[in-house]
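Peer 1: One-letter residues, chain by chain:
There are 2 protein chains.
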Amino acid sequence: MERKGLLLVISGPSGAGKGTLCRALLKSDPALSLSISVTTRSPRPGEVDGTDYFFMEKDSFEKMIKDGQFLEWAFVYGNYYGTPFEFVQESLRLGKDILLEIDIQGALQVKEKFPEAVLIFIAPPSLSVLEARLVSRGADSKEEIRKRLSSTAGEMALARQYDYVVINDKVARAVKNIKAIITAEKSRPRLFKI
Amino acid sequence: MERKGLLLVISGPSGAGKGTLCRALLKSDPALSLSISVTTRSPRPGEVDGTDYFFMEKDSFEKMIKDGQFLEWAFVYGNYYGTPFEFVQESLRLGKDILLEIDIQGALQVKEKFPEAVLIFIAPPSLSVLEARLVSRGADSKEEIRKRLSSTAGEMALARQYDYVVINDKVARAVKNIKAIITAEKSRPRLFKI
Numbered sequence: 000m001e002r003k004g005l006l007l008v009i010s011g012p013s014g015a016g017k018g019t020l021c022r023a024l025l026k027s028d029p030a031l032s033l034s035i036s037v038t039t040r041s042p043r044p045g046e047v048d049g050t051d052y053f054f055m056e057k058d059s060f061e062k063m064i065k066d067g068q069f070l071e072w073a074f075v076y077g078n079y080y081g082t083p084f085e086f087v088q089e090s091l092r093l094g095k096d097i098l099l100e101i102d103i104q105g106a107l108q109v110k111e112k113f114p115e116a117v118l119i120f121i122a123p124p125s126l127s128v129l130e131a132r133l134v135s136r137g138a139d140s141k142e143e144i145r146k147r148l149s150s151t152a153g154e155m156a157l158a159r160q161y162d163y164v165v166i167n168d169k170v171a172r173a174v175k176n177i178k179a180i181i182t183a184e185k186s187r188p189r190l191f192k193i
Numbered sequence: 000m001e002r003k004g005l006l007l008v009i010s011g012p013s014g015a016g017k018g019t020l021c022r023a024l025l026k027s028d029p030a031l032s033l034s035i036s037v038t039t040r041s042p043r044p045g046e047v048d049g050t051d052y053f054f055m056e057k058d059s060f061e062k063m064i065k066d067g068q069f070l071e072w073a074f075v076y077g078n079y080y081g082t083p084f085e086f087v088q089e090s091l092r093l094g095k096d097i098l099l100e101i102d103i104q105g106a107l108q109v110k111e112k113f114p115e116a117v118l119i120f121i122a123p124p125s126l127s128v129l130e131a132r133l134v135s136r137g138a139d140s141k142e143e144i145r146k147r148l149s150s151t152a153g154e155m156a157l158a159r160q161y162d163y164v165v166i167n168d169k170v171a172r173a174v175k176n177i178k179a180i181i182t183a184e185k186s187r188p189r190l191f192k193i
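Sequence lines, in order, name chains Y and L.
FYI, the numbering for the first sequence is 0 to 193, going by numbering that gives the first Met the number 0.
FYI, the numbering for the second sequence is 0 to 193, going by numbering that gives the first Met the number 0.
Same shape as in the complex, but just chain Y (with noise of 0.2 Å):
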């Protein structure tokens, strides 16, 4: 029996803690490696080609687009950033597990493009954690944190299309769960070849 890669897409609100989660998980978890995406902005100090980012000319990621060659592609303060497929597809087929932290709606377009991905949907354990969680970070104003939170309202119902939901009450729990997630995905039948 052979086994290919899974594409694990990590998504969810905005504070319910998506990224510390896919940091430790990508810590305990050594056969997992972080998506690389590829992006139009110019490359920070310190940032490398094909480990940070595949940085990349306009016209040559709207070719991409016009192709088909992205898994989800989205245009953020006038750059553009994308998962692209080739590379996703070639690192499953070497038997890799990848990680993809996006939002709502860029999972709901892998998911589209490519029905075998894993999409875990990341919850806060209540709109009011959620809320002590923003102000606690200080980064948004009032009137923000209330757009905010009257949004995540919306965006959990969206929770259904998922495959998976995980509540981030605790990140080590979380993690536990989302292993627990990775082993069962890897005892589909589709993985095996019998």
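By construction, these hints were calculated from the structure, which means they are not laboratory data.
Covered by chain Y, according to a simulated footprint, are these stretches of chain L (three or more residues, beta-carbon under 8 Å):
| no. | segment |
| --- | --- |
| 1 | 161-170 |
| 2 | 179-186 |
Computed cross-link-like contacts, PhoX-like style, restricted to lysine-lysine with a CA-CA straight-line distance of at most 20 Å:
| no. | chain 1 | residue 1 | chain 2 | residue 2 |
| --- | --- | --- | --- | --- |
| 3 | L | 17 | L | 169 |
| 4 | Y | 175 | L | 185 |
| 5 | L | 26 | L | 175 |
| 6 | L | 185 | Y | 185 |
| 7 | Y | 178 | L | 178 |
For clarity, every value in this text was computed on a predicted model and none was experimentally measured.
Ideal Cβ positions, reconstructed from N, Cα and C, are used throughout, including at glycine.
Fit chain L to the supplied structure of chain Y, relying on the hints for placement.
Peer 2: For chain L alone, kept in the frame of chain Y given last:
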């Protein structure tokens, strides 16, 4: 968020070690309980109605078949055996996880009637390991073992219709895998009221 129980169906070719795995699972997961079958055979000494089986007259059993009250049923050596849908659903509603150990035909019947059931195919590491197990068990003749191995090869193809495949090379590892599957399945969006 409110949780419901899981129906876990453990199945696979004879000799794959389903019984051993189920006993180990029940021992290590107190939230899990074995499904109680209905049967028309007479109680053996020590067997308790409602614990070992629900004992029932043939007429009542056949009426339950007609009324579609079984998740699966079979007629074996002159007696009926079946899994009562109502009992399983009530247990799940109460949040209990139910374990059902049945043959492949039964498992596929369950999935058809109750798609939320989680089907786990227990596979022997290889046909040669299975052969060695059957020989050392000493319960079957050479001819019976040959027949069984050839039917196993066909049964392995049915693994594709299962949700998961767990290779029973080592009991502890297989139990760990199944427990990861339980954890993952408890993270399904349909089990949450969001």
